[in-house]
Amino acid sequence: MKNINTLNRKWSMLIVVLLSVLNPLRAANADGTIQWGMLIISLFGGLALFLFGMKQMSEGMKKTAGDKMRSILSALTDNRLIGMTVGAFVTMVIQSSSATTVMLVSFVQAQLMTFVQSLGVILGADIGTTITAQLIAFKLTDYALLMIAIGFFLTMFSNKDSTKYIGEAILGFGLLFFGMKLMSDAMKPLRTFLPFINMLRGLENPMLALIVGTIFTALIQSSSAFTGIIIVLAQQGLLTLDAGIPLVMGANIGTCITAGLASIGTSREAKRVALAHVLFKVGGVALFILWIPVFADIIRWISPVSSGTGLEKLAAETPRQIANAHTIFNVSLAFIFLPFTTFFANTIIKIYPEKKEEKGVQPITWHLDDGAISTPALAIDLARSEILRMTKILGRMLEAIIQPFTTNEPLKDEVYPQLSLVEGVEMREEKLDYLDEKIIRYLRKIGQQELSDNQIQEVYGMMSIVNDIENIGDTIEKNMIPLIAKKSALNMDFSPEGKEELTIYHTKVSKQVNRLKKALSNLDTNKAEKIINKEGKYSALETKYRISHLERLHEDRKESIETHEIHMELMDLLKQINVYSGEIAKTIHALGELNLG
Numbered sequence: 001m002k003n004i005n006t007l008n009r010k011w012s013m014l015i016v017v018l019l020s021v022l023n024p025l026r027a028a029n030a031d032g033t034i035q036w037g038m039l040i041i042s043l044f045g046g047l048a049l050f051l052f053g054m055k056q057m058s059e060g061m062k063k064t065a066g067d068k069m070r071s072i073l074s075a076l077t078d079n080r081l082i083g084m085t086v087g088a089f090v091t092m093v094i095q096s097s098s099a100t101t102v103m104l105v106s107f108v109q110a111q112l113m114t115f116v117q118s119l120g121v122i123l124g125a126d127i128g129t130t131i132t133a134q135l136i137a138f139k140l141t142d143y144a145l146l147m148i149a150i151g152f153f154l155t156m157f158s159n160k161d162s163t164k165y166i167g168e169a170i171l172g173f174g175l176l177f178f179g180m181k182l183m184s185d186a187m188k189p190l191r192t193f194l195p196f197i198n199m200l201r202g203l204e205n206p207m208l209a210l211i212v213g214t215i216f217t218a219l220i221q222s223s224s225a226f227t228g229i230i231i232v233l234a235q236q237g238l239l240t241l242d243a244g245i246p247l248v249m250g251a252n253i254g255t256c257i258t259a260g261l262a263s264i265g266t267s268r269e270a271k272r273v274a275l276a277h278v279l280f281k282v283g284g285v286a287l288f289i290l291w292i293p294v295f296a297d298i299i300r301w302i303s304p305v306s307s308g309t310g311l312e313k314l315a316a317e318t319p320r321q322i323a324n325a326h327t328i329f330n331v332s333l334a335f336i337f338l339p340f341t342t343f344f345a346n347t348i349i350k351i352y353p354e355k356k357e358e359k360g361v362q363p364i365t366w367h368l369d370d371g372a373i374s375t376p377a378l379a380i381d382l383a384r385s386e387i388l389r390m391t392k393i394l395g396r397m398l399e400a401i402i403q404p405f406t407t408n409e410p411l412k413d414e415v416y417p418q419l420s421l422v423e424g425v426e427m428r429e430e431k432l433d434y435l436d437e438k439i440i441r442y443l444r445k446i447g448q449q450e451l452s453d454n455q456i457q458e459v460y461g462m463m464s465i466v467n468d469i470e471n472i473g474d475t476i477e478k479n480m481i482p483l484i485a486k487k488s489a490l491n492m493d494f495s496p497e498g499k500e501e502l503t504i505y506h507t508k509v510s511k512q513v514n515r516l517k518k519a520l521s522n523l524d525t526n527k528a529e530k531i532i533n534k535e536g537k538y539s540a541l542e543t544k545y546r547i548s549h550l551e552r553l554h555e556d557r558k559e560s561i562e563t564h565e566i567h568m569e570l571m572d573l574l575k576q577i578n579v580y581s582g583e584i585a586k587t588i589h590a591l592g593e594l595n596l597g
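The opening residue of the sequence shown carries number 1 in UniProt numbering; numbering runs sequentially from there.
Simulated from the structure, these hints should not be mistaken for lab results.
You may find that some hints are simply not true.
[As the list claims (entries may be wrong)] Listed next, the in silico BS3-like pairs over lysine-lysine satisfying Cα-Cα at most 27 Å (straight line):
hint: 1; residue 1: K139; residue 2: K313
hint: 2; residue 1: K575; residue 2: K487
hint: 3; residue 1: K478; residue 2: K445
[To be verified] Derived DEER-like restraints, expressed as beta-carbon distance ranges:
hint: 4; residue 1: L419; residue 2: D524; range: 43 to 53 Å
hint: 5; residue 1: K350; residue 2: E430; range: 51 to 61 Å
hint: 6; residue 1: Y416; residue 2: V282; range: 39 to 49 Å
hint: 7; residue 1: R546; residue 2: E437; range: 14 to 24 Å
hint: 8; residue 1: A485; residue 2: Y352; range: 55 to 65 Å
All residues carry an ideal CB built from backbone N, CA and C; glycine is no exception.
All chains, full assembly: derive it from the sequences and hints.
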């Protein structure tokens, strides 16, 4: 599968590069009349290359640095400023604020980060994404073909995955600038086309420009791409800074609206992150929209000045000014809203309150998102969050199952009082079966992507963990539940010593499953090692308790004789769960070693 993906990628690269080196079509005749057909083809062809290049650059950067950036994000502290700085750095490296957001959602879901912490990172991510506009403003179009050539050869002919990924990023960067060149050349005839010039002058109306920026960004689903288009217009002297600023602000709103729409039907954490993004952007635009002329003067004051005049001066200065406005707008928002992240978090949590664990009886997935599969590092995180949820469901099953063996009272499920305890255990086993199927299918989809060797091992390791968790669930449902009916029909209690031993051993095995939750949440090798060590000790303890029970049989204790079969089978099943826990811990330990390596 990996070879097929690699082959398809190489052919697609070859086709794109061959298309990109074709001579650009002329959008104007020698007499200056505009060839509208050629102009539209060049404009949309350039836009397609620009968007493809941006996607290619982002994908290459994510593959190159995604795992490292994930580790950096997961190590965040409660310091808001550090969180913001890390968010800016990570997004600047992987060139995708949406990828950073997906990582944040997975960390919040896995309880590796609080929602309040994630807000600081979101503000930083908005700063990091402005680096694209800064790079575009450098006008490196003359070097676009060189970057395409370097990236193409690295991607096609390198044997090392890391080098190929760097090549993809360079190739994407080159295609981005070549697409800009095509769009820029296509727009040159429009510099003297009065209807178009008058239309752009109308964008100096801030509200109109804001609406246009919002709609266009929502349509092309990328604020960086729309900002790039604004800069292309500015490079031709077609756009002033006063028109460019509200367009950029609209782009900032448009991108978070797109993310908000994408969060419909996703997890609660994803909805909260999307809502936070919308509130930050809309609030920021509301603060800035009334003093755009003052903001424009500040931007002109801090930006480089050209020695040219007229249209030449406008074309030379405005692109950098727009890029600076984009960056300063987002930096200002970050520092304005950073002190109030707790307030924002509390407000958003009131809108989307905390959900009681496993509130619904019907099985559903909480974390799996097909949209993240194209970024394997993120999809693997989401799969692990769903597996972590499986361990929580399993833990509740295991805690409940001992109660019918230690009391003769009718028992109800603690979370769903309308269900008996046994019905609650069976309902959770149905959830485990459902999640087993969904997670394995999701992991297979991830496996069809282009993965590093470590990621391949991580996917197979998680499949093994899911299988072992499901086996424990089956042990509880198919083997332990029938023993409840047997004991009830027997109408005989365990001996006091036997009941105490079963209770102690069950408590220790339950602790093993609880330790699995902690070890799995961040692939903690130390916690996994503790589970492995405890497995041996608990197996020895089971042997000790087995001997104690046999001694009671030898003493001709009636309770021990009558309950012998149930006692031994229950103890053996708990021992099996202990062994399964040890196997899961070994897999977690191996995956943790991969991440450390």
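Verification of the hints:
{"no.": "1", "hint": "K139 x K313", "verdict": "holds (15 Å)"}
{"no.": "2", "hint": "K575 x K487", "verdict": "holds (19 Å)"}
{"no.": "3", "hint": "K478 x K445", "verdict": "violated (30 Å)"}
{"no.": "4", "hint": "L419 x D524: 43 to 53 Å", "verdict": "violated (34 Å)"}
{"no.": "5", "hint": "K350 x E430: 51 to 61 Å", "verdict": "violated (33 Å)"}
{"no.": "6", "hint": "Y416 x V282: 39 to 49 Å", "verdict": "holds (40 Å)"}
{"no.": "7", "hint": "R546 x E437: 14 to 24 Å", "verdict": "violated (36 Å)"}
{"no.": "8", "hint": "A485 x Y352: 55 to 65 Å", "verdict": "violated (43 Å)"}
The structure shown violates the earlier hints numbered 3, 4, 5, 7 and 8.
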